[in-house]
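If you're matching positions, the sequence shown starts at 16 in the numbering used here and goes up one per residue.
These are computed hints drawn from the structure, not numbers from a lab.
Since this is a predicted model, take the numbers as computed values, not measurements.
Be aware that a few hints might be false.
Label-pair distances were calculated between CB atoms; the ranges are [unchecked claim]:
#1 T70 <-> A166: 35 to 41 Å
#2 G231 <-> L109: 36 to 42 Å
#3 L157 <-> T36: 28 to 34 Å
#4 S217 <-> V64: 15 to 21 Å
Keeping only pairs whose Cα atoms sit at most 30 Å apart, straight-line, the calculated DSS-like set for lysine-lysine is [what the hints assert, rightly or not]:
#5 K252 <-> K30
#6 K191 <-> K252
#7 K208 <-> K100
#8 K205 <-> K100
#9 K191 <-> K100
#10 K32 <-> K205
#11 K208 <-> K191
#12 K198 <-> K30
#13 K205 <-> K191
#14 K198 <-> K208
#15 K100 <-> K252
#16 K28 <-> K100
#17 K252 <-> K28
#18 K30 <-> K208
#19 K205 <-> K30
#20 K100 <-> K198
#21 K205 <-> K252
#22 K30 <-> K100
#23 K32 <-> K208
#24 K252 <-> K208
#25 K252 <-> K198
#26 K32 <-> K252
#27 K28 <-> K208
#28 K100 <-> K32
#29 K205 <-> K28
#30 K198 <-> K28
Each residue gets a CB set at the ideal place from its N, CA and C atoms; glycine is no exception.
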Amino acid sequence: MNMNRYATSSQLKDKAKELLTGHYGLLIGIILITGLISITINSVLDVFVPVSASTIGYILSVAVTFLVSVFMGVFNVGTALVYLKFASGNAASLGDIFYGFSHHIENALTVSMVMNVLSILLTLSYSIPYRMYLMTGDSRYLFIMLPCLAAAAVFYVPLSLCLSQCYYLMLDFPDKPAAEILKASFRIMKGHKGRLFYMELSFLPLLFLGAVSLIGILWVIPYMQMTFAAFYFDIMKQEQR
């Protein structure tokens with residue numbers, strides 16, 4: 016028997032379904048509350064930084080979006096805590112989503128900033144050429160946009176996979192600084208990026224169907240997140256041997 020055999024994507028999904036039993040109400044509540052917080056913050060900021068066609072307005076809009084995304088990243092610590100608790104058979108509460116603000120605020124902001132820098136670079140790779148196309152009508156900017164987007168995606172996807180375990184690691188190793196958490200995520204994801212990428216792609220049809228039905232997305236997101244938590248446990252189980 017191979018003691019280093021990792022669970023397949025199908026096995027992790029089956030495990031996630033089992034772990035989700037009886038917990039959907041709380042997990043849907045987390046999605047709704049964090050979504051409402053994000054919408055409220057963005058709505059308030061839109062009053063002070065309205066969308067503008069000017070370059071300065073565009074820069075301000077991007078900056079505000081970035082800062083809000085970094086702030087909302089702190090909630091990812093609490094969300095990860097809830098899923099890890101359920102995955103390990105422990106009880107969780109709605110208040111856990113604020114855990115990152117009281118226990119890991121510095122690390123959470125640092126990790127969130129790193130992740131959002133990568134995300135915004137991907138966004139700018141196509142939004143700037145597209146904006147130039149809208150301003151000038153020059154179709155050449157569209158031809159610039161596509162290779163820029165492709166290059167950014169090639170850069171972004173592997174890095175985002177490498178950093179995907181940061182919030183879980185932050186909870187398991189609370190004394191480690193952000194730099195070590197980032198390095199640890201890179202280390203434990205060595206050899207597993209393909210597994211996680213395949214798993215993420217496998218959820219695309221469900222995400223599409225969930226988005227179409229609207230309510231369905233409230234089922235898909237917990238299913239995804241619990242599967243990813245099970246994936247983390249699967250990696251760490253082997254790491255500790």
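Hints, one by one, checked against the model:
no.: 1; hint: T70 <-> A166: 35 to 41 Å; verdict: 24 Å, violated
no.: 2; hint: G231 <-> L109: 36 to 42 Å; verdict: 22 Å, violated
no.: 3; hint: L157 <-> T36: 28 to 34 Å; verdict: 49 Å, violated
no.: 4; hint: S217 <-> V64: 15 to 21 Å; verdict: 38 Å, violated
no.: 5; hint: K252 <-> K30; verdict: 15 Å, holds
no.: 6; hint: K191 <-> K252; verdict: 20 Å, holds
no.: 7; hint: K208 <-> K100; verdict: 24 Å, holds
no.: 8; hint: K205 <-> K100; verdict: 25 Å, holds
no.: 9; hint: K191 <-> K100; verdict: 20 Å, holds
no.: 10; hint: K32 <-> K205; verdict: 27 Å, holds
no.: 11; hint: K208 <-> K191; verdict: 23 Å, holds
no.: 12; hint: K198 <-> K30; verdict: 28 Å, holds
no.: 13; hint: K205 <-> K191; verdict: 20 Å, holds
no.: 14; hint: K198 <-> K208; verdict: 15 Å, holds
no.: 15; hint: K100 <-> K252; verdict: 16 Å, holds
no.: 16; hint: K28 <-> K100; verdict: 17 Å, holds
no.: 17; hint: K252 <-> K28; verdict: 17 Å, holds
no.: 18; hint: K30 <-> K208; verdict: 20 Å, holds
no.: 19; hint: K205 <-> K30; verdict: 23 Å, holds
no.: 20; hint: K100 <-> K198; verdict: 24 Å, holds
no.: 21; hint: K205 <-> K252; verdict: 15 Å, holds
no.: 22; hint: K30 <-> K100; verdict: 14 Å, holds
no.: 23; hint: K32 <-> K208; verdict: 23 Å, holds
no.: 24; hint: K252 <-> K208; verdict: 17 Å, holds
no.: 25; hint: K252 <-> K198; verdict: 19 Å, holds
no.: 26; hint: K32 <-> K252; verdict: 20 Å, holds
no.: 27; hint: K28 <-> K208; verdict: 17 Å, holds
no.: 28; hint: K100 <-> K32; verdict: 15 Å, holds
no.: 29; hint: K205 <-> K28; verdict: 21 Å, holds
no.: 30; hint: K198 <-> K28; verdict: 27 Å, holds
Checked against the numbered hints given earlier, this structure breaks hints 1, 2, 3 and 4; the rest are met.
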